[in-house]
Every structure is written in C-alpha cells, then in structure tokens.
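The residues making up each chain are set out below.
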Amino acid sequence: MGEVQLIDLGKQFRLQLDRQEQIVTALDGVNLTVADGEIVMLTGPSGCGKTTALRIVMGLERASRGRVLVDGRETAGCGHDRGMVFQHAELLPWLTARENVTFGLQMKGMREPELRATAGTYLELGGLTGAAGRRPHQLSGGMKQRVGIARALAIDPDVLLMDEPFGALDAQTRETLQAQLLEIHARTRKTILFVTHDLDEAVLLGDRVVVMGHGSVREIVDVPLPRPRTDVEAIREDPLFAQTRHRIWRSLHDGPRRPADAVVPA
Amino acid sequence: MTGAVGAPRRVPRGAISAATIVVFLIAWEIFGRKINPIFGSYPTAIARAFVTLAQSGKLEKALLQSLASFLTGYAAAVIVGIPLGLVVGRFPAVEAAIGFFITAGYAMPLVALVPLLVLWFGLGFTVKAVVIFLMAVFPIVINTWLGVRTVPKTLIEVGTAFVAPKATIVRRIILPATVPYIMAGLKLAVGRGVVGMIIAEFFTSISGLGAIIINSANNFDTATMFVPVLLVMILAWALTQAIGALERRVAPWQVELAGREES
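Chains V and X, in that order, are what the protein sequence lines are. Our numbering puts the first residue of the first sequence at 1259, with every later residue one more than the last. Our numbering puts the first residue of the second sequence at 8, with every later residue one more than the last.
Some clues are possibly wrong.
Not the full set, but computed from the structure, chain X residues with beta-carbon under 8 Å of chain V [said to hold, decoys possible]: (1) Thr161; (2) Glu164; (3) Thr167; (4) Val170; (5) Ala171; (6) Ile180; (7) Ala258.
Between beta-carbon pairs, the in silico distance windows are [as the list claims (entries may be wrong)]: (8) V:Arg1445 with X:Ile86: 47 to 55 Å; (9) V:Thr1434 with X:Arg178: 52 to 60 Å; (10) X:Pro90 with V:Ser1398: 35 to 43 Å; (11) V:Thr1387 with X:Ala249: 54 to 62 Å.
Just so you know, the hints here were simulated from the structure itself, not pulled from any lab data. All C-beta atoms in this analysis are idealised placements derived from N, C-alpha and C, irrespective of residue type, glycine included.
The following block holds chain X by itself, in its conformation from the complex (with noise of 0.2 Å):
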C-alpha cells in the first residue's frame, strides 16, 4: 500500500468483489430454486452435479482434455501473434500487404467454418487448437500492432540517435513499450480462446468440457451443463488473472505509471 500516512483506509479490492459475488450467488438461489430445472438451475444444485461429476472423474478427463488443447493452441497464438504484430506495426509494407487479413480474419464467422476445419483436421485434438488459435491470435495480433504504432516517435529517434540497429529498436524499443497493449491483447485472447475451445468440442463433442455441456443439455440436465460453462468462466478468469500477474513482474514500470496497485 503506498497511502498517504493518516489518510482513510480503503476497502480491500478483494473484499469487494468476494461481497458482490456472494450478493450474486445468494439472488441466484433464490430466483433460481422457483424456475423449472430444465429452464434453468441454482448453485447448490450446481454444486452437487459438480460433485457427481468429480465423482465419477469425467470432469477431471474432460477438463485435462480441454486444457490440452486450450494450452496448445493459446501457445501457438502467441508465439504467432506478438512477433506478427510487432513487424505488422513497424513495417509499412507489411502492414499494407497484409493488415487487412488481420482486421477481416478478426471478424471471421469461426463457428461457420468449424465443420470444414473438422474435415481437414478431423475431431481430435487438433482441430480444436486449431480452432482455438484462430479465435486467439487474432486479438493478440491486432493489440501489439496497435501498441506499436503508439509507441512515441521520440522514444524510436533514441535508438535511431545512437545508430542502434532496426531489430535492436524492436526488441530493446518497441516491445517493451508495447508490453501493456501486448498484455490487453494476452487476456482478450483468453475469453476468445475459451469461446473457441468450447464452440470446437461442441462440434466435435467426443472430449473436453464442451462435450459434457452439450451432452447434458441433450439430457435436460441443466444443472450438470452448467458445471463446466461455471467451470471455464473461472479458467478464463484465473489465466487474465495470472496474465495481470506476469505484466506487473515483466512490466513493473507500467504499473507504477498508472498508479494502480492491482488489477
């Protein structure tokens, strides 16, 4: 904490949200318990289809299998997406040639093409990361694109001043002054991933989370659908989380600047 000495102490972050997730799961009970259980489901009942569903270690296989999948195709978004964004940004050219196939591929329809992606890649494992690592590298591509193309002039003409070579600006430059829009563009992906990830096992619907979504659905089992959807919102939540964690120790100066203590 880096108050002032004597002024009023300010209510934990944490604190806060933990009260308006409990206010949430408490209004959710209530409205929840007098809807019919195909329309709709509360969290108790949730939480005992998520203890039969540990139980019985479908939940263990089917997360791993979409973690598998998410962690495989996320890592090939960035490793794609940052080096892409960053020669996109810097380079005229480039950008000319190509910068409309990334605003275009951003919008593109994924969930149409699912089914000609599963003809090519079949219904395994890598047709979802396939399907994850476009709906990924996209955010990632355009964010570090746009963070270069803010990094001050000046900043470059530095580099340029003590006749520092073009790919020693990029990498001693431009990427650590478009670390934070890197960052944005890291958790953007996350949500898109997740989307992703779930929309390719619905098709598929053999493995993963989004098998056991659709195939509850199929059972009117609302309950236990709503176990993985609750499932891979706090997945996606934990990765922003821990993405916030890694900029605050890859960027600490970042955070200073803004003057934010956490996120």
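One chain only, chain V, in its complex shape (with noise of 0.2 Å):
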C-alpha cells in the first residue's frame, strides 16, 4: 500500500548573494495526496519545486514545515517504503549492473540466497539479464536508468519516487523507457510520484497531472485516458492527449510572468 500525502509542506533556503543572505522560498505550502497505485506527474517551470517536494518525500532534504505521509506514517528521513530513481541514475561506478541492484536489497537487510535471486528478478523485469555483469560506463544511457528503476524496485517499496529519470535520454530510448515503466507499473502497481518536464511525458504516463508554481499547487489536471497505456501509439493519437497536454500547456503560460523563486532580502 502507498498512500502519499504532503501536508502544507514548505521550503526555505539561504543562499548567499553578493555577501548578503537571502531566504529564497522553494516550497510554500503544498499539498497533495497521492493515492495508492496512482501515477502523479509533477511538473512546471525551473526553479518551481517540484524536485525540492520529490526530495522531500524521499527524506533527502528536510521541510521548513509541513509533513509527509506515506500509508499515514509520517516520515523522518529515508525509508525503505520509499525508493528514488535519479536524474542520472546515480549508479555506483565501481559496481556491475546486478551488485547495483545489490546494493540497495544489501540496505534493507537482505542475504544470500535471497539476494541474487531478488536482484536477478528486478534486472530481469528491466530487460537487464544480458548486461548484469556490465558495470555503468559500458552500459548506455537508457541501460544505465534500467539499472536505476530495477533498483529501486528491487526494494519493493510503496512508492516509487522518480527525478527527471528520463531527461536526459534520447526521444527513442526515452519512448521506450516510458513504454517499460508503463509496463512495470501495470504489473506492480507501484504508486508513482514522477517529476518531468516533457508534457508529452505527463500526459502518457500520469493518472493526474500537478502543474506547480513559484513552490506551490498551480493545477491539478486529471488525465482522462484509460488504462492500460502500453500501446503508446495509440494513446499518443487519441484527441484526449493533446486536449489534456494543450490544458497543461495552458495552465504553464497562464501564471503571473514573475521569476520562478520568490526571493525575500532576509
């Protein structure tokens, strides 16, 4: 079960400027409840904090206030209930594909034989079987996010917490990461909460869609196509698609035109 719920959640930070402190607002009270076995996109201009709520949830960074729920427990730092894919898959270099994917079941306490048996499900769920002895920098980009999302899964958490995973991919590769995610969560039924910048991508994978602003709720967009969507040509030539990415785009444009980070001399 992997019910998420962010509670008025706010973020400051000091920054230095030009030898003066200020305060800039990341987050200034968010909310949203994300149901479980739902996929939620974050989405919205640079310096909007959807990243800073993702890492939030995640417990890498702490809110100024607010709380998080997951399943209605609030949480103080990293758990195990929750597993994060990066940006840029953050693969441990020295490790293979499979003892990546190790690493984090290692984490969670688990031992042989459990473990190799544990890790060779998640790369094979990540079509990774043949590449399992490859460490990061012989496997390409959309392998290496392969990696990422197997483990993360591999953990089994509730929620599968995702950074941009597939930003920086090519259009290719990326269309079929989506397709495999959109596979994977059908199997799993993961709760996704999954932060992009390519609308095309919050609109084929998303259940809702949150469109956020200057650290806050801007929108929240339902995404009225059915699922399954793993016959993602189809979706794409379905007139809701562009109706729903046309309502996000709008939504994007509507906002006061101010810079993305409200800063407040301290």
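Two chains, two frames, some hints: make the complex.
This is the structure we're talking about:
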C-alpha cells in the first residue's frame, strides 16, 4: 500500500548572494494526496520546487514546515518504503549492474540466497539479464536508467519517486523506457510520483498532472486516458491526449510572469 | 589494445621510455667523461662502482637495511593516512579540529627536526622508520581528504536514499570513489618517503644506502656515491609502477573510464 500525503509542505533555503544572505522560498504550502497505485506527475518551470518536493518526500531534504505521510505514517528521513530513481541514474561506477541492484537490497538487510534471486528478478524485469555483469560505463544511458529503476523497485517500496529520470535520454530511448515503465506499473501497481519537464511524458504516464509554480500547486489536471496505456502509439493519437496536453500547457503559461523563485531579502 | 581496426599502430609507450633513457645515458656518458671525477661521474664508471660495491656485500646489506625501515615507515603511513584522510574529509568537525595540523604538517621542515628525532629515537631503525612515516603520511592524508571532498553528493545520496548507515556509506561509497586520489597520494608518498629515508640515513650515517652516499661523498668517490642515488630512484620508480598496477587491480573501472591503457 502506498498512499502519499504532502501536507502544507514549505521549504526555505538560505542563499549567499553578493555577500548578502537571502532566503529563497522553494516550497510554499504544498498540499497533495497521491492515492495507492496512482501515477502523479509533477511539472512546472525550473525552480518551481517540484524536485525539492520530491526530495522532501524521499527524505533527502528536510521540510521547513509541513509533513509527509506514507500510508498515514509520518516520514522521518529516508526509508525503505520509498524508492528513489535519480535524474542521472547515479549508479555506483565500481559496481556491476547486478551489484548496483544488490546494493539497495543489502541496505535493506537482505542476505544470500534471496539476494541473488531477487536481484535477478528485477534485472529481468528491466530487460537487463544480459548486461548484469557490466559496469555503468559499459552501459548506454537508457540501460543505466533501467538499472536505476530496477535498483529502486528491487527493495519493493510502497512508493517510487522519480526525478526526471528520462530527461537526459534521446527521444527514442525515452519512449522505450516510458513504455517499459507503464508495463512495470501495470504489473506492480506501485504508487509513482514523477517529476518531469516533458508535457508529452506527463500526459502519457500520469493519472494526474500537478502543475506547480512559485513553490505551490497551481493546478491539478486529470488525465482521462484509459489504462493500460501500453499501446503508446494509440494513446498518442487519442484526441484526449492532445486536449489534456494543451490544458497543462495553458496552465503553465497562464501564471504571472515572475521569476521562478520568490526572493525575499533576509 | 583497444585501438580501432585499421587505425595506425601506435609506438608502444615502453619503447619510447626506453629510447629516452638510452639517449640520456649516452649524453651523460659523453659529457660526464669530460668532467673531473670528483665533480661528476658517468654511467660506465658508476656501473663499475656498482659491481665493486655489490661484490663487497655492502650494497646488499645497505639496501636491506634501507628497505626494512622504508617499508615499515611507509606501511605505517598508509595504515594511518587513509583512514585519517577519510575521517577528516567526511566529518567537518574533525576537519576543523585537525585540518590545520595536516596542512601545516605537510610543509614541516623535517630536515631541521631529524636531530631532535635522533635524540628521541636513537640512531637505529626506529628513527628512520619515524622520519619516513612523517614524510609519507601527509601526502596520503591530504590526497585522501581531497578525494573525499570531491565525491559527488549524489553518490552519497544513493546511500542515504537506501538508508545505508554512516559507516557503510564511508566504506562502500566514499572509499571506492576516493581510490584514484588515494593512489595518487600513495605514489607521491613513495618519493617523499625515499627522500626521508636518505635524510635519516645521512644523520645517522651508520646504516643503509644513505650511509654509503655520505661516506663515499666524504671520500670524494663520486662514482660510488651515485650508485645508491640511482638505486633509490629506480626503487621509487618501481614502487610507483607497482602502485599503478595495484590501482588497475582494485579500481579497474577508473582506468577504463579515463581511457588510458597504462601509466
């Protein structure tokens, strides 16, 4: 089970600018509930706080105010109930693909013989069985990110948190991975919170798209496309796809044209 | 070799090194012979002195004495230096507490302190090991420390995200990510350690290769003096190569990432 609640999340950074300390508000009261098994996409201009929100949910950053609940339990730091997929995969370069997946499992306390079997299962899920013995520099960008996803999924978290995981990939690889993610979601029904810049990706993957601006939720757009969406081509041709995409685009462009961060002198 | 098919064959690096060494030796031989043997020497004279010294058994004895103190001091520097560098780099409070001593200690004019160390540790093996340790430990600590500071934050976050304990993050993420820096520190420490060894033997002047240097210099036997000097340099080179080979064993990903076949 993996319901995620963000309750009045606020985050302020101290920033040293021209010898003057300034306080930058990255998040200003974000409220959001992600239902179990739902895919919610966070989008918005750079600096709108979407990645900060995701990092707070993961526990990599502390909120200045507010709370994060996973299945009703308040989070304190990182936990095995949440799995993080990083923007650039962030595989440990000295470990093979298999060892990278194993690393997360070992941190969860898993020992042999389950370790090998579980890692194998998730490598297979990512289509990586043939590449299990390769180190990250011997993998393509798409394969690296598949290892990153396998590593996060292997610990069987309630929630998968994904920080622009396909942003650095070429268009074709991105589409392949999107389709694979949809398949994995259809099979595992994990709750997914996914940060993206790409509106096509937002509509294709999401049940709902959260449009953020200036550290708060500007609008939440429902994606009325049916699931399963594994036939990506058919989905893209659906008129609803273009309509939803346009609604999100409008929402992004309607907002007041202020700099993304509200900078308040300390 | 990983060169592309059809690419022109590159000259092996070993051949280039051998060629420069031969050219250097020939030039030295030609110019060295024109100099008064007190003020200089040349390869063939040094080779003859080497044979004489080796046959007398003095060289072997001195080499073993020097090596024993070097390896002891160097091993102690590695055992202390790497963990200390990891801790200083990882924990800002420790860095604030002792960072100054490490940076200042690196510049310590050890030559000036050797007489004092002799008073403390005597003229034997111990003082030599201590001097070598003091020379070698700082480059190891400083390189490890800098290496830890350059570990990408995101790699550490991978550990944090999977709820790895602090010690596990140091051992399984920071240490491997720091290996190239540690190896560079180990290589620098070889050179410094060898210099420390000779300095210590100058002051004690009763054992080791340094003693041969100072005794033959006092006898104006320049060719003999060069034997241990060159021997020490070759020794340091061989140790550095050995560390390079070790690096390729323990951190093959790094060598592959940098795309260099050999160093």
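Quick rundown of the hints versus the structure:
Taking 8 Å as the C-beta cut-off, the interface hint given for Thr161 (chain X) holds, the closest approach to chain V being about 5 Å. Below 8 Å, beta-carbon pairs count as interface contacts, and Glu164 (chain X) has one with chain V at about 6 Å; its hint therefore holds. Checking Thr167 (chain X) against chain V: minimum C-beta separation of about 6 Å stays under 8 Å; hint holds. Interface restraint check for Val170 (chain X): the shortest CB-CB distance to chain V comes to about 5 Å, inside 8 Å, so the restraint holds.
Because the beta carbon of Ala171 (chain X) sits about 5 Å from the nearest beta carbon in chain V, less than 8 Å, this interface hint is met. Below 8 Å, beta-carbon pairs count as interface contacts, and Ile180 (chain X) has one with chain V at about 7 Å; its hint therefore holds. Among the interface hints, the one on Ala258 (chain X) holds; its C-beta lies about 7 Å from the nearest C-beta in chain V, closer than the 8 Å criterion. Taking 47 to 55 Å as the suggested C-beta distance range, the pair Arg1445 (chain V) and Ile86 (chain X) conforms, at roughly 50 Å.
A hinted range of 52 to 60 Å for the beta carbons of Thr1434 (chain V) and Arg178 (chain X) is inconsistent with their spacing of about 36 Å. Between Pro90 (chain X) and Ser1398 (chain V) the CB atoms are about 37 Å apart, so this pair conforms to the stated range of 35 to 43 Å. For Thr1387 (chain V) and Ala249 (chain X), the hinted distance range of 54 to 62 Å is not satisfied, since their beta carbons lie about 38 Å from each other.
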